[in-house]
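Going line by line, the protein sequences match chains A and B. Here my numbering is used: position 152 in the first sequence is 422, and no number is missing along the way. Here my numbering is used: position 174 in the second sequence is 460, and no number is missing along the way.
Simulated from the structure, these hints should not be mistaken for laboratory data. Possibly wrong hints are sitting among the right ones.
Claimed, not checked - Cβ pair distances, simulated, as ranges:
{"id": "1", "chain 1": "B", "residue 1": "Asp-393", "chain 2": "A", "residue 2": "Leu-316", "range": "51 to 61 Å"}
{"id": "2", "chain 1": "B", "residue 1": "Lys-304", "chain 2": "A", "residue 2": "Ile-485", "range": "15 to 25 Å"}
{"id": "3", "chain 1": "A", "residue 1": "Leu-535", "chain 2": "B", "residue 2": "Pro-451", "range": "51 to 61 Å"}
{"id": "4", "chain 1": "A", "residue 1": "Arg-305", "chain 2": "B", "residue 2": "Gly-444", "range": "53 to 63 Å"}
{"id": "5", "chain 1": "A", "residue 1": "Gly-530", "chain 2": "B", "residue 2": "Thr-401", "range": "47 to 57 Å"}
{"id": "6", "chain 1": "A", "residue 1": "Arg-305", "chain 2": "B", "residue 2": "Arg-409", "range": "31 to 41 Å"}
{"id": "7", "chain 1": "B", "residue 1": "Thr-420", "chain 2": "A", "residue 2": "Leu-535", "range": "31 to 41 Å"}
{"id": "8", "chain 1": "B", "residue 1": "Val-299", "chain 2": "A", "residue 2": "Leu-535", "range": "52 to 62 Å"}
{"id": "9", "chain 1": "B", "residue 1": "Gly-398", "chain 2": "A", "residue 2": "Asp-540", "range": "48 to 58 Å"}
{"id": "10", "chain 1": "B", "residue 1": "Thr-420", "chain 2": "A", "residue 2": "Asn-347", "range": "34 to 44 Å"}
No residue lacks a Cβ here, since even glycine has one placed at the ideal position from N, Cα and C.
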Amino acid sequence: MTNDVLIRGEIRESPSRAGLRLALRGEWTKFWSVRSTRWTLLGLTLVTYGLCYLSTSALRGHAHAADPIVRVLVGFNFGQFAVGVLGVLFLSSEFGTGQIRSTIAVMPRRSIVLAAKAIVIGGVGLVLGEVLSFSTFLLGHLILSGQAVQVSLASPGVLRVLFESGVDLALMGLIGLGVAALVRSTAASISIFTSIMLVVTVVLFALPGAIVNAISRYLPANISSTVFSATTPSRFQGTPIFSPTTGLLVLALYAVVLLGIGGWLMIRRDT
Amino acid sequence: MIMGLNHPDAGSVTISGKKYHDLRWPMREVGALLEARAIHPGRSAYSHLWSLAQYGGIAKSRVEEVIDHVGLTSVANRRVGKFSLGMGQRLGIAAALLGDPAVVLLDEPVNGLDTEGIRWTRRLCRDLAAEGRTVFLSSHLMAEMALTADQLVVVGKGRLIAELPVDDFVACSSKRSFKVRAANLDLLIPALEDAGALTIREANSSLTVTNVSAETIGELALEQQNALYELTDLCSLEDAFMELTEGVVEYRAASR
């Protein structure tokens with residue numbers, strides 16, 4: 271190794287200022303260059319297909335099934351956690367390892383860092399979600415071909431389920447990212463995310479009926495249940511529930527609020 | 287604070303007249319080696335640098351260039367988590383140089399490095415400065431600073447204590463003292479004392495002389511045809527630093 275005078279570096283002039291466009295490229299590279307991303311996405315895909323195979327095969331020979339698409343997409347209940355955790359890790363790992371300091375050193379405008387991360391995790395979540403929902407549907411369709419119970423794109427609500435399930439995954443990624451921006455620590459973020467998704471739902475149903483009826487429809491887990499189902503009941507487990515599309519808008523609102531507060535805190539806090 | 291990582295309670299820092307936050311191309315103006323490691327251990331050195339380069343619109347060829355420059359080419363695709371302290375430090379320096387910045391900030395760059403690494407870093411700093419860059423080093427290692435730095439800024443308890451060239455810093459210390467060995471100390475001592483020096487005879491037949499300049503000692507010895515075996519400046523940067531910061535040092539060991 272030499273200490274010769276450093277060669278002048280080649281610098282590409284594209285935009286007039288380092289901003290979101292370049293930040294997106296950097297975050298894209300970061301997202302794909304850690305092993306956890308590839309393993310999580312691979313695992314998520316395999317589990318979704320595997321669960322589809324198991325639960326859909328069980329419908330073979332049945333004369334009737336109420337909502338077969340729920341069985342086909344059962345893996346999505348797992349997928350929301352996987353994408354949510356991916357969203358958490360995308361930011362919390364930077365706080366945990368100190369990487370955030372390197373990131374902020376090259377992009378001192380922190381809102382741009384968070385926006386770039388949101389676009390990457392939201393975009394990957396959406397594309398993955400859509401590809402996964404339609405490909406899983408195809409798998410279920412093949413398993414049930416020639417059977418009394420069928421899943422078909424022509425069935426009422428099925429196309430809506432497939433499209434919105436992908437959106438649901440993307441929103442879970444954004445909610446995970448927002449939680450991480452808020453609390454920073456990986457362990458705390460993941461426990462908060464899972465608590466909101468699971469524990470709150472369990473605890474809620476132990477509370478008085480009036481409270482349950484007031485809150486139940488706002489719980490992400492209940493919203494997702496309607497999204498993954500082609501039947502659109504007005505009640506879920508006896509409590510009033512939003513329509514799937516309204517539910518998704520509520521999830522989107524959660525994501526926006528969490529990212530907004532998280533981003534504001536990121537700008538204010540020292541790193 | 288310079289990089290905008292931490293917010294100051296009061297005041298502001300500007301680089302070329304602008305806040306770091308407002309620079310159009312932060313990476314191309316300032317490169318920083320942050321203390322310890324600020325790197326995700328699961329990423330390869332190459333991916334780490336490439337992602338940062340993309341943020342600054344810097345070409346891939348430049349990433350290879352800096353990896354080569356810091357001597358990490360053979361391990362560029364290894365995960366950073368497996369790197370030794372020295373390799374991590376080199377990677378940090380590579381990141382600082384990515385944007386070919388005019389200002390380089392290095393926070394404790396030699397901490398935990400082996401001798402070879404320390405020498406390499408020292409030479410790198412001198413070379414970067416020779417290219418016309420401003421190299422801003424922070425360190426607690428006085429001996430290291432004496433070898434590397436030109437200009438010294440001393441800060442204690444959040445206040446600026448001194449800002450001046452290293453040589454002046456040492457020279458202005460009042461306790462300038464020398465170790466002297468000569469053919470005939472008995473002859474030299476009275477002459478030195480006549481010149482106003484304070485002398486202390488040490489057990490190892492050397493003399494500690496204060497209150498006169500090295501020139502005076504040498505000239506007196508020459509007049510006497512008294513061969514000087516040794517004339518060593520005992521005042522180090524460290525001593526000068528200690529004298530200057532006396533009473534300002536935050537956590538000092540109590541002396542008994």
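So the hint says 48 to 58 Å: do the beta-carbon atoms of B:Gly-398 and A:Asp-540 match that? violated, 24 Å
Has the hinted range 51 to 61 Å been met by the Cβ atoms of B:Asp-393 and A:Leu-316? violated, 45 Å
Holds or violated: 53 to 63 Å for the Cβ distance of A:Arg-305 and B:Gly-444? violated, 43 Å
Consistency of beta-carbon spacing, A:Ile-485 to B:Lys-304, with hint 15 to 25 Å: Hint violated: Cβ distance 50 Å, outside 15 to 25 Å.
Looking only at beta-carbon atoms, does the pair A:Leu-535, B:Pro-451 fall within the given range of 51 to 61 Å? At 44 Å between Cβs, range violated.
Measuring from beta carbon to beta carbon, are A:Arg-305 and B:Arg-409 in 31 to 41 Å? holds, 36 Å
For the pair B:Thr-420 and A:Asn-347, does the Cβ-Cβ distance stay inside 34 to 44 Å? violated, 57 Å
Holds or violated: 47 to 57 Å for the Cβ distance of A:Gly-530 and B:Thr-401? holds, 51 Å
Does the Cβ pair B:Val-299, A:Leu-535 satisfy 52 to 62 Å? Check failed, 22 Å falls outside 52 to 62 Å.
Please test the hint of 31 to 41 Å on the beta carbon pair from B:Thr-420 and A:Leu-535. holds, 34 Å
Consistency with the previously given hints fails for numbers 1, 2, 3, 4, 8, 9, 10, ordered from lowest to highest.
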